[in-house]
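Undergrad: So the chains spell out like this:
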Amino acid sequence: MSGFFWGALPYIAFTTLIVGTAYRYWTGERGWSTKSSEFLAKDSLKVPIWLFHLGLVMAFGGHVIGILIPKAITDGVGISEHLYHIIALGGGIPAGILFLGGFFLLMRRRFDNPRMKVNTSTSDGWIYLVLGLTIITGFGGTLLNAVGLLGDEFNYRECISPWFRSVLAMSPDVSLMSDAPIIFKCHVLLAMLTMIMFPFTRLVHCLSLPFEMFLRSPIVYRRK
Amino acid sequence: MKIKAQVCMVMNLDKCIGCHTCSITCKNVWTNRPGAEYMYFNNVETKPGIGYPKNWEDQEHWKGGWELDGGDLVLKTGSKLGRILKLFYHPEQPEMDDYYEPWTYDYETLITSPRKKHQPVARPRSLITQQRMEIKWGPNWNDDLAGGDDVRQDINLKRIGEEITLEFHDIFMKYLPRNCNHCLNPACVAACPSGAIYKREEDGVVLVNQDICRGWRHCVPACPYKKVYYNWKTNKAEKCTFCFPRLENGLPSVCTDTCVGRIRYMGVLLYDMNAVLDAAKTSEPKMIYAQMLGLIKDPNDPTVIESARREGVSEAVLDAAKVSPVYQLIKGWNLALPLHPEFRTLPMVWYIPPLSPIAKKFEDKVYLPRSEAMRIPLAYLAELFTAGNTDIIMRTLQRLLDMRTVMRRKEVGEALPQGLEFDAYEYEKMYKLLAIAKYSDRIKLPAGLQGKTHEQLRELQGTAGYACPGGFC
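Top to bottom, those sequences are chains A and B. When the letters of the first sequence are read in order and numbered with our numbering, they come out as residues 1 to 224. When the letters of the second sequence are read in order and numbered with our numbering, they come out as residues 1 to 473.
Worth flagging that the hints you see were computed from the coordinates, not collected in a lab. Wrong hints could be hidden among the right ones.
The list that follows gives simulated cross-link-like pairs (lysine-lysine, DSBU-like), each with its CA atoms no further than 30 angstroms apart [said to hold, decoys possible]: (1) A:K42 to B:K331; (2) A:K42 to B:K86; (3) B:K331 to B:K15; (4) B:K27 to A:K117; (5) B:K233 to A:K117; (6) A:K46 to B:K15; (7) B:K80 to A:K42; (8) B:K410 to B:K63; (9) A:K117 to A:K71; (10) B:K429 to A:K46; (11) B:K116 to B:K80; (12) B:K233 to A:K42; (13) B:K322 to A:K42; (14) A:K71 to A:K185; (15) B:K63 to A:K46; (16) B:K15 to B:K281; (17) A:K46 to B:K80; (18) B:K136 to A:K46; (19) B:K136 to A:K117; (20) B:K54 to A:K42; (21) A:K46 to B:K331; (22) B:K158 to A:K42; (23) A:K42 to B:K27; (24) A:K117 to B:K86; (25) A:K117 to B:K54.
From the derived model, a few chain A residues whose C-beta atoms are all more than 10 angstroms from chain B [claimed, not checked]: (26) E29; (27) L40; (28) T74; (29) I93; (30) P210.
Don't be surprised by glycine CBs; every beta carbon is placed ideally from N, CA and C.
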């Protein structure tokens, strides 16, 4: 079973993410949208949307650093394990608070307001559930690890990160994941589930950040 | 000179009776779908009044349109960097309550109710939440000056410092039908982060590409006329299309076709695209109208025709431009004026300001008062149509009054008054176009803009629209 979870599922997730997104783009671009609900409930959006997206960007950056940079490199440049831990928690805890806090406020807004309810699709409901559990397990695991409840010997940079890099290198080392605490295993599985669902939900809007706007002339009054 | 064709509309407000037929027929054709219930691509407002959405003319609040920043033309909504930050939460985006919450009535209770002492009542039900609701605001809440204090909040009134008194003999009102102005310098097009809004090559109609739109909704606040709407169901922007499927077949928009008062005129204008930016940058707002007139070129001028041909304007369009009723009204007689030219989008729906009600006071025993003695204050009309330039309003109204005087004297056999601007023949032409013109005189649109046959167009029926194919909505 662990062979499937840590050896096959990551590739299924990545493939679904890429192929599914391409499929959605070619067949269903008419429905590709931010699904903004500012029109239906404006005031309750003002702060939470910033908390959520800011937390998301910080958490994403933290994951990139924590997973993609091998421990050997940070050791090499003289960052001790203790110092790394302080830096990681110093960024990770505020990120988690913003991310989870923003998510909570956005969910309260969405399910408290009768106008918002009619604009919540089934796919929205599922992705909120999975995304919410992903954030909770990730933040919860980080906090438990910080206070030492996951055992002294656990260091995700010695099991989860190398495993992820082995997946990227197309030779998954399943045994690396066997020692990870259950909460982090759940976090990784939920993250993969998020990737699988991504193409078919509103999350695709993150691929549409309008950078081409900066390349366009500021005044466009006719094509030619 | 770079000549392009623009399909354009003129509304003769003197004849608008405020019946909302244009709004209803437009709604039945375009916005009777879930997510679009609140939208009126065409609506009729009573002026004074705060309109739809509430106070849409107040650009200090909504930041719509363009402004000059040291001689440069910039969107009032902010720089590109600032606008990127507004992708998440847009402080100037109107929300549903700025328009109104759409509703229907529980009509079925009228039929299914058991026998009772009192008649059954069809109570309002929200079209959004499907729950019972209390109606607090509607799309024409200020109709015929209803709504009391709201009417006094009209920003044009505030600007001219006029208080609407409750004295009956001083009160005034007029109707203002509004649809998308298909501007020459559309702010919505410039503001769209995804590049989904475009001004069509062949006729200048401004459209939203429903595939490319990502729902960043920057077009909504950027349009100073608030004529781009956000569909909360499909999560895309929608707007008046000038009924382009009809235009392509030489037919006018539905609002024009069904207008009971026959106030609407549609036709083609030829304009110099290279001069658009300079006109929009005119430093003095009161002069923008004159600059707009300068953009519009004589369709009989050979150099204009030659330039238009170079730009690929078809012969059918050139022929339509030569007989264009809107050219005559806008440039020929200077009767039609743009709505709020100070927004600098160079709107292409023009309005002939209203004279009526003619008599200011019963005691003035004259057949026609001077234009400045009209019941609707000149300054108020100037706020609407000339960025406060009362001279232009006075000249326009005087021409309309002169036309009436000439026609009356001709009818009763009196000598024409002295000092007329045009000769009698010209006033007669004016009268014919304004008062008794037939459908075919009011509407001169070239067919076959798209070069598709009727069979090809029929095959396309039902394949395009606002629905969401493939799900995921």
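Undergrad: Work down the list of hints and note, for each, if the structure agrees.
TA: Going through the hints against the structure:
1. A:K42 to B:K331: Judged against 30 angstroms, a Cα distance of about 44 angstroms means the pair is violated.
2. A:K42 to B:K86: It holds: about 13 angstroms lies between the C-alpha atoms, which stays within 30 angstroms.
3. B:K331 to B:K15: Roughly 20 angstroms between the alpha carbons, so the hint for B:K331 and B:K15 holds.
4. B:K27 to A:K117: holds (26 angstroms)
5. B:K233 to A:K117: holds (12 angstroms)
6. A:K46 to B:K15: violated (45 angstroms)
7. B:K80 to A:K42: Holds, at roughly 22 angstroms.
8. B:K410 to B:K63: Cα-Cα ~50 angstroms, so violated.
9. A:K117 to A:K71: violated (46 angstroms)
10. B:K429 to A:K46: violated (57 angstroms)
11. B:K116 to B:K80: Not satisfied, since the Cα-Cα distance of roughly 63 angstroms exceeds 30 angstroms.
12. B:K233 to A:K42: holds (16 angstroms)
13. B:K322 to A:K42: Given that 30 angstroms is the threshold and the Cα spacing comes to 49 angstroms, the pair is violated.
14. A:K71 to A:K185: With Cα atoms ~20 angstroms apart, A:K71 and A:K185 stay inside 30 angstroms; holds.
15. B:K63 to A:K46: Roughly 18 angstroms between the alpha carbons, so the hint for B:K63 and A:K46 holds.
16. B:K15 to B:K281: Outside the cut-off at roughly 33 angstroms; violated.
17. A:K46 to B:K80: Between A:K46 and B:K80 the Cα gap is close to 20 angstroms, so the pair holds against 30 angstroms.
18. B:K136 to A:K46: holds (24 angstroms)
19. B:K136 to A:K117: holds (21 angstroms)
20. B:K54 to A:K42: holds (16 angstroms)
21. A:K46 to B:K331: Violated: A:K46 and B:K331 sit about 47 angstroms apart, past 30 angstroms.
22. B:K158 to A:K42: holds (28 angstroms)
23. A:K42 to B:K27: holds (26 angstroms)
24. A:K117 to B:K86: holds (24 angstroms)
25. A:K117 to B:K54: Holds. A:K117 to B:K54 sits at ~25 angstroms (cutoff 30 angstroms).
26. E29: violated (5 angstroms)
27. L40: violated (6 angstroms)
28. T74: holds (33 angstroms)
29. I93: Holds, since 23 angstroms exceeds 10 angstroms.
30. P210: Given a closest Cβ separation of 3 angstroms, the condition is violated.
The structure is inconsistent with the numbered hints 1, 6, 8, 9, 10, 11, 13, 16, 21, 26, 27, 30, although it conforms to all the rest.
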